[in-house]
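Under my numbering, read the sequence shown as residues 371 to 1077, first letter to last.
In short, the hints are calculated from the structure, not lab data. Just to be clear, a hint being listed does not mean it is correct.
What the hints assert, rightly or not - Per label pair, the in silico range of CB-to-CB distance:
#1 395 to 734: 34 to 44 Å
#2 623 to 1036: 44 to 54 Å
#3 740 to 1053: 50 to 60 Å
#4 734 to 468: 42 to 52 Å
Think of the CB as a built atom: it goes at the ideal place given N, C-alpha and C, for glycine as much as any other residue.
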Amino acid sequence: MPVTLETSVQEIKGVGPRRAEMLAGANIHTVEDFLKYKPFRYEDRTDLRPIGEIEPDQVVVIEGQVSITGRYTTPMKRMRIFEMVLKDDSGSVKAKFFNQPYLGQVFQRGKTVILYGIPRVDEYSQGISMINPEYEILAGGSDETVHCGRIVPIYRKIGRLTTRTLRKFIFQLLADLPDQLDEPLPTSVVRQYKFPDRKSAIEEIHFPSPAAGVSKEAYLKELALNQTMAQQRFIFEELYLFQLGLQLIKKQRENRSKKRCMRMGKGVQARMRSILPFQPTSAQVRVLKEIGDDLCSSRVMNRLLQGDVGSGKTIVALQAMVIAIENGYQTALMAPTEILAEQHYHTVCQLLSGTGYRIAFLSSSVKGKGRESVLGHIRSGKTNLIIGTHALIQKGVQFKNLGLVVIDEQHRFGVLQRSKLISKGDLPETLVMTATPIPRSLALTLYGDLDVSILDEMPPGRQPVRTIVKGERNREEVYACVHRELKEGRQAFVVYPLIEESEKVDLRAATEMAKHLQKEVFPDSTVVLMHGRLKVEEKGRLMRKFRAGEIQVLVSTTVIEVGIDIPGASLMVIEHAERFGLSQLHQLRGRIGRGQHPGLCILMTEDLRSQQADERINILCQTQDGFKIAERDLEIRGPGEFFGTRQSGMPEFLFANIVRDRKLLELARQEAKRHLRHYLKSSALSPQEEFPWLDKWWRQRYGLYQV
């Protein structure tokens, strides 16, 4: 039976049920999956040396004939050792293999063998021996070597499958595959970028060899940097298929005809102006026009609104909600935490107090008759605007006429959660917001199916925040600074990375420190601890007291990282700042300077810091530009950890890295858009016929959407 890319690994000779189970654990189910299990590095095993010239403790590749073999068992540890002598015209060397007695059948006298390893001086005989070297037995003729005598792929183990076993399987699969494989990339793209065909590219990924005229040193450098044409081809292919899927999703949404078409007459515009607490920035005006155009168009809005900390996203979103309400629709605002949702509720109630809108709050803490009343009003349409947490996506929540969904801190929600809220209405308009500025490469990957609006200007009156670094020896000076702020009637945050002492890292527990600060440092002020393990109701109660000025110092873990608005807080002390990510630190300091007074953020750090931590802290002190900070943070930490926790919506590419491969990402996006435009303009084929690879690829790799 011929081998194809779709062949199950269970049908591969030598795999069997146990090995198939191990491979399945690494998400390898088919031959194609197996061939996409790429090496994590390569070893150059091409530099053959005469045996007589080898020196101890240096990696060598040697070739010779087996002259003597023998087996024995050590008396103390009862370890079985197979030993052989390999010789060539220049000399001989001993090789020992531990607990591999079967090698006596493999290394027969007279056979030609290549060995790769490090010769060591034997402490007993004082001669040179190679211990458990990699080996290759040459059968003669023109057969290719697999494990030695070439640039060799090194794979991460899968269960008990060693890199040698994996290498052997992949070598055989490549030999069994037909030369012509289906091509997911357009022919024009393959030609334009001079990519190798798919079979050749797969072969080069696993068993690379420099082309004629290319030096081995230059080629090995390209391999290490993922810059060979084969590597670039698969990086591009992955990014292209992902971007093509996103563009199809976007086009599908645009083609959905919505039943509603909102209007922005003079009455609606007057109501929008009436809720503004200040003169909007030109950026807010521009973004609101983009949103308004979407709402009044025939296509459903799917827009990402991003901006730096304090750039005024909430007021823009609120104006969008006013447009929807004035047009007779319900709107929903979902936030990731109860604290943030409750804050939104109070802010919205205050700003919309003169409108007569019915506003409701729904979270897991709303129970009993109160909950039933809220759900009834949502169902009947009496409630115009609903603000809440994940509770909004539960089964019992039914809207009468949901027209606009606003999702705050989008990166905290998975794709399914976002879809669940959207499914509560009849194709509602969707506005997602994030206060974590997202670098362009990451935005194209995470939100390539959305239109993007950016607030790149701060509202008037926003106070600057100065950031300084202090060490343990400056602690008294820092406390004196906090004292001065408190005497002026202001408030302070003290932020810790943990809530209890850890054995692994020398961190002050916020719990113990809060007691110390209250008793020893700020006895005349109210110091309170807030952390992630407190009940939702207790967190809400503490934040209300802090906002009202009843608490002067809030000692907290990063539960105050996002969205919390305390105008009286002008100072923040961040303990062990070197342990936080750049964007996280920027978010934290965004909690201060929101009132009349400038903010001061003090980063308390260890005197001995890693170079990476030093770099993060220096960047933070140099700029308040969240987009610059986000770019640097992405470079330092990588896309998977950019938000502090792994994204449910963050694709994990096999070949591509969106930081390293930004240029290819942009090219892939352009080619995907070009291909889609050409298809829509001239092709009579169905999407399944035009893009046969796409649906399977998306489902296998991500399971995020049905494209």
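Self-check item: Broken hints, by number
Solution: Numbers 2, 4 - these are the hints that the structure violates, sorted from lowest upward.
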